[in-house]
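So you can see what is in the structure, the chains are spelled out below.
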Amino acid sequence: MPLTEKLISSFLAFELDIDINSPIHSIRTNAIKKFEELGFPNRKLEDWKYTSLNRILKEDYTVFSKKKNVIDFKEVKNYFIDNIESYKIIFVDGCFDPFLSQISHNGLDICIMSAALNKAKYSKIIKKFFNKSANSEDSLTSLNTAFSKEGAYVHIPKNTILEKPIEIIHFATGSEAALMLQPRNLIIVEENSELEIIERHQSLTVNPIFTNSVTEIFAQKNSNVDYYKIQNDVITSSLVDNTYISQKRNSDVKVHTFSFGGKLTRNNLNFYQKDKSIESTMKGVTIIDYDQLVDHHTLVHHANPNCESHQDYKGIYSGKSTGVFNGKIIVDKIAQKTNAFQQNNNILLDDKSTINSKPQLEIFADDVKCSHGCTIGQLDQDALFYLRARGIPKKDAKALLTYAFANTVLQSVKIPELKHKVKKIIAKKLGVSLGFDL
Amino acid sequence: MLTIDNLHVSIEGKAILNGINLDVRAGEIHAIMGPNGSGKSTLSSAIAGNENYQVDKGDILFKGENILELAPEERAHRGIFLSFQYPIEIPGITVTNFIKTSINSNLKARGENEMPAKKMLKKIREKAALLEIDSKFLSRSLNEGFSGGEKKRNEIFQMAMLEPSLSILDETDSGLDIDALKIVANGVNKLKSKDNAVIIITHYQRLLDYLIPDYVHVLHEGKIVKSGGKELAHELEEKGYDWIK
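These protein sequences, in sequence, are chains A and H. The first sequence begins at 1 in our numbering and counts up one residue at a time. The second sequence begins at 1001 in our numbering and counts up one residue at a time.
Hints may contain errors.
Said to hold, decoys possible - One side only, chain A facing chain H, incomplete, derived with CB under 8 Å:
#1 LEU361
#2 ALA399
#3 PHE405
#4 ASN407
Treat the hints as calculated values from the structure; they're not laboratory data. None of these values were measured; they are calculated from a predicted model. Yeah, the Cβ is synthetic: ideal placement off N, Cα and C, and Gly gets one too.
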């Protein structure tokens, strides 16, 4: 059965199986209708022009994992950040793993979506926030909403600076021949609070995994959120990551996306500035090879005056890999004194690698500063000669320059252990092993 | 140490050097002077092995070996160092990591072990002190946002770290104020020994007040038109280059 039909026909059973009286029952029902109407996106749509889901939709995915799988911490230790104290919300094949996790209800909520959706004490919050920033006109988001059941639920109360980051990891074990996962995360950071999150989707198998994830983040007044996405999955895994960020006055949200792996990765990163004096930052490093594809679609909606947005995406493409960057910036008429900056720089290391880069600016205010820049090129020959003249062999010099190019995006990473880990991944990807501390 | 014999070099088909002859022995300092466009930087690039420069005729021998077929890194491994006129800015890699990589690449190419971290650190501190370089400077991205003077000082710092047999200082004095000039000259003087040699490429004589050459050569239209002792530099400073043509 084609995946679309399989999903639609499983919906009733899915709802019966969990809780038909759930506070989000009608949201789910509307969402499945929307998905039924739209289906999976195809290349006829402008937003999906360069990215075809066809090659991942043909698998016969199990839409709910039947077995509850247990994994040993030792097996997956590498996917956590080393030498760091953290909260952990860990899922295995879509189910919460209490053994690998370290959650908290101590004056805050660092826990799971299924609890938030089922327990009465959360119903007020769920009503207020669930699906309130996600785009209900988007087919994949609707699909996720219809099947939303599990994921991370984080609620940080007022005046709280979280002293350690939260790691959210979704593991897939390969217990099914092919598995579709639809995690749903809700993150609420109240006034004057601060939060750091590191998120990762990691398959431990070569069996195809297709993850359609939705994360909603609500950053209230004066809050600070740093969200780090590590996308370094195996070559048989694909990810559509939909992130919706709703910001209130004086809030500052930064999202770093490190895309190094997977078969197909599509990031839909959406920022909505709901008040004045907001800062939104998006940074990305993409390093891919073979026939991998990474697609970054960003949206910043400047709907109020005196706000800023900064985007800096760097990409390094080898083999037959394909990159897409589409950065949409909307500045409403009332959003005067907006500063919106966007930069996308790319290096193509092979003749067969491709990047499609497109800024999309819709500016209706007149007193704004908006800039965008895109470069596509090879390595700087003068820089290469400089390194070689210092005795660094050509191959190493190239790797080092490529590393340096990617490395500049990491300066804003606030967690040193994370920075170190990402640098190590980058160095390994680029074959830089030059005997110094990265 | 270095013998250049009837060297002809062109760039994109345009002849720049038209038969250079030069002999540099260990322990010597040579200054190559000349007006803009005389081919000074082309000569330094050709010795260092920049592939944009085409050697049409002639030979460059270094310690008896013809180096024309060698890659830039292989020339560096043999002990040739070029202090760049315009050092390249490389964001994303620190001065320290760059020099460590450079040193270890050279050691590896010579079949030696990498320098232990402790020894490296000690050497970095020592050489930074010699050139009055702040330690904060060493953790900055290579040449990024450096002033002209900082870039040149960083070049000489690298020279001090690598201890080459032959150093070519290409317009090292440009962009330096008098204090920085003295620091750089003092650094080079301290590194100088009977076993190494320096070629100073410059338009002006002022660096030569502090770094005294054994020989001065005047380059004009791709040829050495006059050679002499250090007094030739003073003569050029007084009379300009016109009398030589």
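We went through each hint and held it up to the structure:
{"no.": "1", "hint": "LEU361", "verdict": "violated (26 Å)"}
{"no.": "2", "hint": "ALA399", "verdict": "violated (10 Å)"}
{"no.": "3", "hint": "PHE405", "verdict": "holds (6 Å)"}
{"no.": "4", "hint": "ASN407", "verdict": "holds (4 Å)"}
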